[in-house]
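Here is what each chain is made of, one letter per residue.
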Amino acid sequence: MPLALIKHALGLSRPKRQLPAQKELRSNYDVVIVGGGGHGLAAAYYLAKDWGVTNVAVLEKSWLGGGNTARNTAIVRSNYITPEGVRFYKESMGLFETLSQDLDFNVMYTKRGHLTLAHTDAAMRTMRWRAEVNKHMGVQSELVDDQDVARIEPALNMSRDVRWPILGALHHPVGATARHDAVAWGYAQRAAEMGVEIHQGTEVTGFELSGGKIVSVQTTRGKVGCGKVLQAVAGMSSKVAGMAGVTLPIRTIPLQACVSQPLKPFLDTIIVSGSLHCYIWQSQRGECVMGGAVDPYPLQAPRSTLDFKEGLMAHMLELIPGLADAPLMRQWAGLADMTPDFSPVMGKTSLENHYIDAGWGTWGFKATPVCGKRMAECVATEKVPDILSAFRFDRFKTFDQVGEAGAASVGS
Amino acid sequence: MKIMNCPLNGPRNISEFAYGGEVKPTPAPEAPSQDWADYVYYHANQPGILREWWLHVPTSYWFIAERDVTTDRIIATFKPEEVLR
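Line by line, the protein sequences are chains A and B. Residue 243 in the numbering used here sits at position 243 of the first sequence, with consecutive numbering throughout. For any residue, its number in the numbering used here is found by taking its place in the second sequence, counting from 1, and adding 1000.
It cannot be assumed that every hint is accurate.
[Unchecked claim] When the alpha-carbon atoms are kept at most 27 Å apart in a straight line, the in silico DSSO-like pairs for lysine-lysine are as follows: (1) A/Lys397 with B/Lys1024; (2) B/Lys1024 with A/Lys90; (3) B/Lys1024 with B/Lys1079; (4) A/Lys309 with B/Lys1024; (5) A/Lys309 with A/Lys23; (6) B/Lys1002 with B/Lys1079; (7) A/Lys383 with A/Lys213; (8) A/Lys348 with A/Lys223; (9) A/Lys90 with A/Lys23.
[What the hints assert, rightly or not] If you want a taste of the chain A side facing chain B, the calculated C-beta under 10 Å gives, among others: (10) Met108; (11) Tyr297; (12) Pro298; (13) Lys397.
It should be emphasised that the hints constitute simulated quantities derived from the structure, not laboratory data. Given the structure is predicted, the values throughout are model-derived calculations rather than measurements. Even for Gly, the Cβ is constructed at its ideal location relative to N, Cα and C.
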């Protein structure tokens, strides 16, 4: 538990929620981070904390964590299918475990257990594969049968008299959720305390290049010189990279989600069905947070559609029939950077001082701490850490994909 | 329901169509694999009006659509031979 919570409970302190007042932009920064979401703020925090780099500006076109950080569905897990992916997300979960203490800011990290349901023999084989890869990498994960599923999550409809009966599942007992906004706010506060400047309402409109380097960043509040540039702008990655003349292996596709009205607690675990393209968990407020696959074609704007809700609910009601009478309270979409191999793109680009953190299709939030930490290392040392090397942005040019489609679950 | 006008079959529900990627010049078969990687994996993916390949799935008919990918408005659809000469 974060110490600040205890102090506050005892009346010894009041929680400080404010960032320092926004200053004028300076003429030059060692590192300019484009994007004030979870990833950008985490990178700023670790740059300052681990590497002592504090002459840093985070430029955010709207407000902190107001983009895709606010639009994800807050699930944290590491049961992927490729060794590279499992290793990466395992480190992220390790950081999440102690994040509230490290930041002294409650991010509401809550272990719930995570079930990826299988409705076909093929899905059972994939779950077996994932379980073995996970175990090999030291991640708690096992294939369970239908009786175990019924025991682990009694709320599920285990009837055989449905179109897609539940045959078994990949059980990931350490699967968790965290408050996504709090993750961004916690990183922002601690980074700001160490001297990082966070500039909200500051949109990047272009880059000035010279000799294969970015020499300055043009913004709606003027031009700033930069030693290095890290872009972490999920959803707008191609647009921002395009300003620097860099083309990415990304298509931007909306990913929709919704929540029901608050219900009494009935669902303990996070339920995902890759075959049915739907997932659900119940928040601390009792709302059922639900989502599904990305939209069928690219679009650069978040919008919600009736088609999506109809498709999602058709399957959801088979899993949990009791939801039929629950009204939906809110619906929204985020923008997913989909790469051809369903894995992120991180590290240096073809420009000497341009670093990228992109390709966060349907898996970005759970990577926030590890990505911030390792991207900060990459920027500070100018070397790509081992754990990121498989995700380099030019891997497609050499056909070295990291095929993660089997574990993105509801990726497409 | 969103409607797209198929140049062969007329207006149909968008659910009958599959997206096929941005229209860009195809490399020659003997082009270096780098060029093919660029063609297959790298996309402009910019906001604004783009030309894209679409497939009418029931009839396997490929055509080209001009779509505003910021507003999701389909501006026009063409038979491929009208665009690619």
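Status of each hint after checking the structure:
1. Distance hint between A/Lys397 and B/Lys1024 is fulfilled; the C-alpha atoms sit about 17 Å from each other, no more than 27 Å.
2. Pair hint B/Lys1024 plus A/Lys90 does not hold up; C-alpha atoms about 39 Å apart against a cutoff of 27 Å.
3. As the CA atoms of B/Lys1024 and B/Lys1079 are separated by approximately 16 Å, the hinted pair is consistent with the 27 Å bound.
4. With a C-alpha separation of about 34 Å, the suggested pairing of A/Lys309 with B/Lys1024 is violated against the 27 Å cut-off.
5. Between the alpha carbons of A/Lys309 and A/Lys23 the distance comes to roughly 44 Å, so the proposed pair goes past 27 Å and is violated.
6. Using a Cα cut-off of 27 Å, the hinted pair B/Lys1002 and B/Lys1079 holds, with the two alpha carbons roughly 20 Å apart.
7. Pair hint A/Lys383 plus A/Lys213 holds up; C-alpha atoms about 17 Å apart against a cutoff of 27 Å.
8. Restraint check for A/Lys348 and A/Lys223: satisfied, since their Cα atoms lie roughly 23 Å apart, inside the 27 Å limit.
9. About 38 Å separates the Cα atoms of A/Lys90 and A/Lys23, which puts this hinted pair outside 27 Å; it is violated.
10. The closest approach between the C-beta of A/Met108 and any C-beta of chain B is roughly 34 Å, which is over the 10 Å cut-off, so the hint fails.
11. With a least beta-carbon distance of about 4 Å to chain B, the hint placing A/Tyr297 at the interface is held under the 10 Å criterion.
12. Checking A/Pro298 against chain B: minimum C-beta separation of about 6 Å stays under 10 Å; hint holds.
13. Interface restraint check: A/Lys397 against chain B, minimum CB-CB distance 5 Å, threshold 10 Å, status holds.
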